[in-house]
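If you read the sequences in order, they're chains A and B. In terms of the numbering used here, the first sequence opens at residue 1 and continues consecutively. In terms of the numbering used here, the second sequence opens at residue 1 and continues consecutively.
One or more hints might be untrue.
Stated by the list, open to error - Here are the computed lysine-lysine pairs in the DSBU-like style, where the Cα-Cα straight-line distance is at most 35 Å:
1. B/Lys192 x B/Lys122
2. B/Lys122 x A/Lys119
3. B/Lys138 x A/Lys420
4. B/Lys122 x A/Lys326
5. A/Lys119 x B/Lys72
6. B/Lys72 x A/Lys118
7. B/Lys192 x A/Lys326
8. B/Lys8 x B/Lys122
9. B/Lys8 x A/Lys119
10. B/Lys192 x B/Lys111
11. B/Lys192 x B/Lys72
12. A/Lys118 x B/Lys192
It is worth saying that the hints were derived from the structure and are not from the lab.
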Amino acid sequence: MATLKYRPLNLGRWIVWGGTALVMIVLPLMFTEGFTLTLLSQIGVGIIFALSYNMLLGQGGMLSFGHAVYSGLGAYFTVHALNLISKGAFYFPVTLTPLIGGLAGTVFGVVFGYVTTKKSGTTFAMISLGIGEMVFACSLMFADFFGGEAGISTNRVIGKAFLGITYGPSIQVYYLIVGWVLVCMAAMFAWTQTPLGRMANAVRDNPERAEFVGYDTHMVRFLTLVLSGFFAGIAGGLSCINYEIVTAENVGAVRSGGVLLATFIGGAGFFFGPVIGTIVFFTMVTAVGAITQAWLFYLGILFLIMVLYAPGGFASLILMHVPVLKARLMRRLWLPYAAALATGLVLLAGLVSVVEITYHYSLEASTAPAMALFGFEFNVTDAMPWAVATGLFAGGFIISRFAWSAVGRAWDDIIHVMQKQSP
Amino acid sequence: MSTAIELKGVTKSFGNTAIIRGVDLAVARGERHAIIGPNGAGKSTLFNLISGRYPVSGGDILLNGESVTGLKPFEINRRGLSRSFQVTNIFQRMSVFENIRCAVLWSLGYKYSFWHRLGGLKDANLRAEEVMESIGLKRRRDTLAGVLSYAEQRALEIGVTIAGGAGVILLDEPTAGMSRSETADAVELIRKVSQGKTLIMVEHDMGVVFDLADRISVLVYGEIIACDAPQNIRGNQAVQEAYLGTEAAA
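Isolated chain B (complex conformation) (with noise of 0.2 Å):
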């Protein structure tokens, strides 16, 4: 078994408008998998369907060869898949070490515990602690999340989804809004983070995604067009006209 998530003709509408307009999409165990498209392609509600955060129209998505149709994001957490958000989303009102604290807890199976002292699970504690070292924030330990520099509450959302040691991740637009060295620290983070594990993100800088992905998929109008190696993709005709030209010209 080495498919980690599957779409099987994946349909989603709002009303009489359909966003998602049947995609099939399979990604290997271990590959960095980038979604391009041009915007109101529907890759974001793409990734909203296969956390669960919206309930799809139609098709059928595996996780691990298992089916995570129609169930709450929380259980597909709990299945190994964690996702980041393209507007910041993490604890504002906490520190940067509990927000991490609080995304490993269940992992490490204290579920609903009210019976142990945070303080003293030092399994929950030494990985925070960890998280915060691999993204840079250690020294921000107990600054409060929402004071954080647009950077660095990127760096933290990544490190919220990632500290729960989930298989594969999903991180929207990791980039979008950093300057241009701010983009190279955030790859190098991503690429770190990634290791061993699925990656799908979707990316508007075509430098990121032509740097991190293994494979590319190009969505237009709530459809794969392509799906292929980066370089491939590159000279793809459809890929042209559809998307990057317009980038190109602009």
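So that you can see chain A by itself, here it is in the shape it has in the complex (with noise of 0.2 Å):
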């Protein structure tokens, strides 16, 4: 019956969980420096934040500009929990410390959450912002709560080693990530499977028709809420533990606006979109940030073309594919699809080179007009980078024209080729 026709996406299922799960934990084994170690931290802790706030955008149909709020409380509780500790003011094991962010984040999404989940779309996201607004405010005003400016540290070592884990080292820090990030993400995905978790959706697609089957849609809203702000508190607790230190950036809008970014990007209507989009947002920015000024410039035409041309996100691109790979159509794409990828790289340094010149020359050019770009060195006061690096540009943006254009007829004779043979 029901269960038996879902048998083989279970295997499916399986081996995405299974892959995941194994990718987190060989990932730092691999890549031992310790900038990726922070890197795959941050990711981790990220990853709870942005499927906590899919609960809202992608399942409940809920855009909120607040999210940071739950995390960053659920992270200054964490903290002045952890400081506690150390004082020696009640006993709690540091591995579950998020609990107390989560606690924190339920906490207040029940109490922010009432106010905000009473009307749904344009209304919600702008109380959702004013509460954002509010909460920040509160942040610089209440000093000996959130420390003002300055924050507040911790230190996460303390207590006796247990089995010789003192969280002193990153890495045992990353593990300790990388195990609630499993937990959050099985619950979080067990979530879409309960009854609640149906009716969010049902709430989010025809709130008029979940009323005449019996649901108050205030109340789905609300403890779909309250319960995305218990996971948001953990990744805030999360954060805590690994900064040791939670400062009013934490509850800010960059950070909620960051968090609608990466969700975005990944795809909001599927699970594992959120997740995809955390590891680009992050990757662009502390990768792409170590490596150049313009990286917030990248980020935002990422998610321009994202929203222009894949508003489904990386997800819907990745999944579109699988159709194709049961035809065994593939074929007909790779050679397009190098063709796009050939001429891609080509606009990209095109891209790349105009923008940083041009960095380069509004902000260094009186002191150090020499600079380097892909092997080459040169002056950005000579015309002749800037004639090149358009050039490219141009030149780019024209071939590139070209093999979409092939890519979208060969996805053309795909889609009539598949429609033929179901009819």
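Can you join these two chains into the complex? Each is in its own frame, and there are hints to help.
Shown next as structure tokens:
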């Protein structure tokens, strides 16, 4: 019956989940630099945060501009808890302190959520923005709790070591994060398969009908937000352990905007979308940010391209190939894709050149006109680099258009063939 | 207690415009009752008042002897009244099966549960399969509701309405826009699913009305001008003038 039908999918599910766990466990063994570990830890915390955000945006249809409130307040409560534990005020294992963050997220979800979830759509978005600003203002007003500009610092290495685990070395913190990521991810996925999770979809798609099958849409949205606040709080608690400091930034609008960006880039319509989005987002922020000052510009361009050409996010781009794979038609795509990739790289090189030269010119031209890019050294005050960069960009743009129309034709063919195959 | 639905002096105005101007109506338990009337008579508005979509301006509505006036749609639904819509109102992005399962969850007591796994809810899944069977959409089980044909969507609309097992069912123009053969199927479906329940329907197709209804109320300009068995309505002079006459002439 019902369950039989999903058996083949379940196998795929095991592969995806097992693979995810394996990758997370193995990655730091392959890349041992401290930089990678920092990035991976950041991604881990980000994944929980983005998935909790997607309970609202993807599953519940609630566009929130203030989700950092729940993770940030969770982080603040965790930091105070850690400080109290180290003073000996009470005993609590560090491993479980993210639960304190989760509890704080839940409580504030109850308090703020009751108001925000009364309405959906634009009203919800505006109220969430207002509450975000309000909490951020509070963080600068109540310095005792929020620590003002400096924030509140803590020390995660407290209590006796358990099996050699002190959470001193960052690799131990990384694996703590991995453990929480797996548990939270499984829990949030399980939630999508519960009556409340399904009714959150129903309320997202057609709130009026949901009311006429017995559901109070306010209550569905409210409970969804409270649960989402719980997981956001856990993410906050983990970030507190990871950085050993919590500042007003943790509840700020930049954090709230970042999680929206990451979720959208990854694909809000799919459970795994925010996971992909978080990986892309933090790679852009941290890895690209370490190389160039223009990282935010590139992130903005990526966001723009995704909104315009792939509103379903990376997840939809990946999943649209599943039927093609099943129909064994992928070979029709390889050539156009290779062409699109090659021309795309030219376009990207052109874009990067223009952007980097412009940044260098506007920021450092007077003091250090010399710069290096792609192994070439040149002066940004000369005309030549500008001409080459612009030429590369324009040329890349033109050949890319040809390559993309080839991709489009290949897809038209494939859809045509697949329609013939299935009456 | 044999009255399923009772309206006492129900009125509804939008601004200065009175749409429903004092409706008294009692529908017995197990009765199939049709409401007919010309366009703009207030038939759909009356449904919206009974089901709690709009608040009444005056009067009282009783469901199984208890007042439901001023209650929200979900509260009225939980007391055993379910309705369909004139314009198909289903969960377009969900499969047929998911649509119906959403409609049975509350009545089976799962409410806002986030500790039950949907796949493991034997009663809900069984009930959803049964409803799909009865509305003839079993082979469309995993099709998204949004891509069903019009007649199939109308059948699903009825399925979602009856799935929760409500004792009182309101159907708003269930056969509107259907072909003759589709209408005949819909009539059989309605007859089947309303077995042992109280049915109130708004319908334009006189064939459907005279075929299904035990009693008919004629609503003209927000007032019920006649309420009687079909054969008596057919012979009623006032109804002829106000409604059936124009229909026959058209």
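Taking the numbered hints from earlier one at a time, note which ones the structure violates and give those numbers from smallest to largest. 7, 8, 12
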